[in-house]
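**Student:** Those protein sequences? They're chains A and B, same order as listed.
Per our numbering, the very first residue in the first sequence carries number 1; after that it's consecutive.
Per our numbering, the very first residue in the second sequence carries number 1; after that it's consecutive.
No lab work stands behind these hints, which were simulated from the structure alone.
It cannot be assumed that every hint is accurate.
The calculated DSBU-like cross-link candidates involving lysine-lysine, where the alpha carbons are at most 35 Å apart (straight line), are [as the list claims (entries may be wrong)]:
hint, chain 1, residue 1, chain 2, residue 2
1, A, K101, B, K100
2, B, K201, A, K101
3, A, K115, B, K129
4, A, K67, B, K160
5, B, K58, A, K106
6, B, K216, B, K178
7, B, K201, A, K106
8, B, K160, A, K5
9, B, K100, A, K5
10, B, K58, B, K162
11, A, K101, B, K216
12, A, K5, B, K58
13, B, K129, A, K67
14, B, K129, A, K101
15, A, K5, B, K162
16, B, K201, B, K129
17, B, K216, B, K100
18, B, K216, A, K67
19, A, K5, A, K67
20, B, K178, B, K201
21, A, K5, A, K106
22, B, K162, A, K101
23, B, K58, B, K100
24, B, K129, B, K58
25, B, K201, B, K162
26, A, K67, B, K55
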Amino acid sequence: MSDVKHHIADDLLAAYVSGALPHPYAIVVASHISMCDECRVRHEAQLAVGGSVLETLETTEITADMKARVMDLLDDTPAKPAIRVPRRQGIYPGPVVEALKGGQPKWRSLGMGVKQSILFAGEEGSVRLLYIPGGQAVPEHGHNGLEMTLVLQGAFSDEGGRYGVGDVEVTDEHVDHVPTAEPGPACICLAATDAPLRFKGFVPRLLQPVFGI
Amino acid sequence: MVALSEDLKTPKPALSRAARRASDSNAGGTTLTDRSAEDREYTEQTLWMLAVRDKRDKAAFGCLFDFYAPRLKAMILRNGISGSHAEDIVQDVLLTVWNKAGQFDPQRAGVSGWIYQIARNRQIDLARKYNRPVPEELRTEDRTEEEAGQILALEQETQKLKRALAALPEEQREMVEKAYLGELTHSDIRNMTGLPLGTIKSRIRLGLDRLRNELKDLR
Chain A
1 MSDVKHHIAD DLLAAYVSGA LPHPYAIVVA SHISMCDECR VRHEAQLAVG GSVLETLETT
61 EITADMKARV MDLLDDTPAK PAIRVPRRQG IYPGPVVEAL KGGQPKWRSL GMGVKQSILF
121 AGEEGSVRLL YIPGGQAVPE HGHNGLEMTL VLQGAFSDEG GRYGVGDVEV TDEHVDHVPT
181 AEPGPACICL AATDAPLRFK GFVPRLLQPV FGI
Chain B
1 MVALSEDLKT PKPALSRAAR RASDSNAGGT TLTDRSAEDR EYTEQTLWML AVRDKRDKAA
61 FGCLFDFYAP RLKAMILRNG ISGSHAEDIV QDVLLTVWNK AGQFDPQRAG VSGWIYQIAR
121 NRQIDLARKY NRPVPEELRT EDRTEEEAGQ ILALEQETQK LKRALAALPE EQREMVEKAY
181 LGELTHSDIR NMTGLPLGTI KSRIRLGLDR LRNELKDLR
């Protein structure tokens, strides 16, 4: 995916490696890294900073017998598989496959051919798959906070530019944008927000709790 | 797990004279992959980690334990976790280091960064009820020869990064520390000035390109 043009900034990658980034965004970041070597490199650079911080921390004393206990455990077979490797399935990168828990997206119509499948919704925000038919606009929507949208299939354009497969758009509450899917195959995106989207178009605001958007 | 058991069966040759010396293994007849690297040496941490990965060397693991356990505990305590629970997490992390050693790729990551990642993942998994999302792994089942020059160059960049961190004004250094220990929110981090990461990125990029080439050749 060397043709990815829209990346994730270092500060968000730092928040991701430290664990400060809320879960919905972390799914988008992990997915983007899976699709973008540039950000894989930058993610690993962030880990190097984290490693340097760890290395230079003032040490804390550990219990005297702890080392012996751990050494004794080395020959045990780990109870759980030590390696959790999410794998890509079709257009869905590993972290999305994991969020789908191995199943298929459960699409629900939002009208005008637009569909969504919510992967996670909690206090930290929500992350969903959005399906936008070719040529169709997503209704104008503001949002209260950070929004991250990663293209998995097709492409969309809005005031911020053109976003193709692997590109991620990061916007904040100051942006009211109208993403429009390119003509052709449907555009499928992974979108995370920390707040309910405020659609101004065809889904009345009263219905937002019903749709979970 | 396949990669791990392969490692158990077929220890890889040590990468350098230094790696040979640091290990208590009697695997003789190892060859140098990069003679120009002979006069430079890997850090102790890298030597220990490679001995653990390639020879399942418990003495080397003991050295890793001595170095990292007190630091990992300090990091975990900073996140408000109590002493005995913190040690449970340290234990988990270090056992993961032992069990996942086959995934350590010194051409792309330093030991501390790799262990930092395992520790953060573990802490976040415990703090939340769901698993932390992680990127897809890039790895080869059979590790081909690693280039000592690349590993050493990445180590140099990591040392430079550590020096840059130490040279920051106190207040800024504390901010960086807080950020990477998960004590700042993502919006706080967004307003933080970053460290110069350009050269370490170029170096990691070379390590990744090597791996990409290997993956391509395997297909």
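**Student:** Work down the list of hints and note, for each, if the structure agrees.
**Tutor:** Now for the hints, and whether the structure bears them out:
| no. | hint | verdict |
| --- | --- | --- |
| 1 | K101(A) / K100(B) | holds, 23 Å |
| 2 | K201(B) / K101(A) | holds, 33 Å |
| 3 | K115(A) / K129(B) | holds, 28 Å |
| 4 | K67(A) / K160(B) | holds, 31 Å |
| 5 | K58(B) / K106(A) | violated, 48 Å |
| 6 | K216(B) / K178(B) | violated, 40 Å |
| 7 | K201(B) / K106(A) | violated, 39 Å |
| 8 | K160(B) / K5(A) | holds, 29 Å |
| 9 | K100(B) / K5(A) | holds, 33 Å |
| 10 | K58(B) / K162(B) | holds, 28 Å |
| 11 | K101(A) / K216(B) | holds, 29 Å |
| 12 | K5(A) / K58(B) | violated, 46 Å |
| 13 | K129(B) / K67(A) | holds, 29 Å |
| 14 | K129(B) / K101(A) | holds, 15 Å |
| 15 | K5(A) / K162(B) | holds, 31 Å |
| 16 | K201(B) / K129(B) | holds, 33 Å |
| 17 | K216(B) / K100(B) | holds, 24 Å |
| 18 | K216(B) / K67(A) | violated, 42 Å |
| 19 | K5(A) / K67(A) | violated, 48 Å |
| 20 | K178(B) / K201(B) | holds, 22 Å |
| 21 | K5(A) / K106(A) | holds, 30 Å |
| 22 | K162(B) / K101(A) | violated, 39 Å |
| 23 | K58(B) / K100(B) | holds, 14 Å |
| 24 | K129(B) / K58(B) | holds, 33 Å |
| 25 | K201(B) / K162(B) | holds, 15 Å |
| 26 | K67(A) / K55(B) | holds, 20 Å |
Hints 5, 6, 7, 12, 18, 19, 22 from the earlier list are contradicted by this structure; the remaining hints agree with it.
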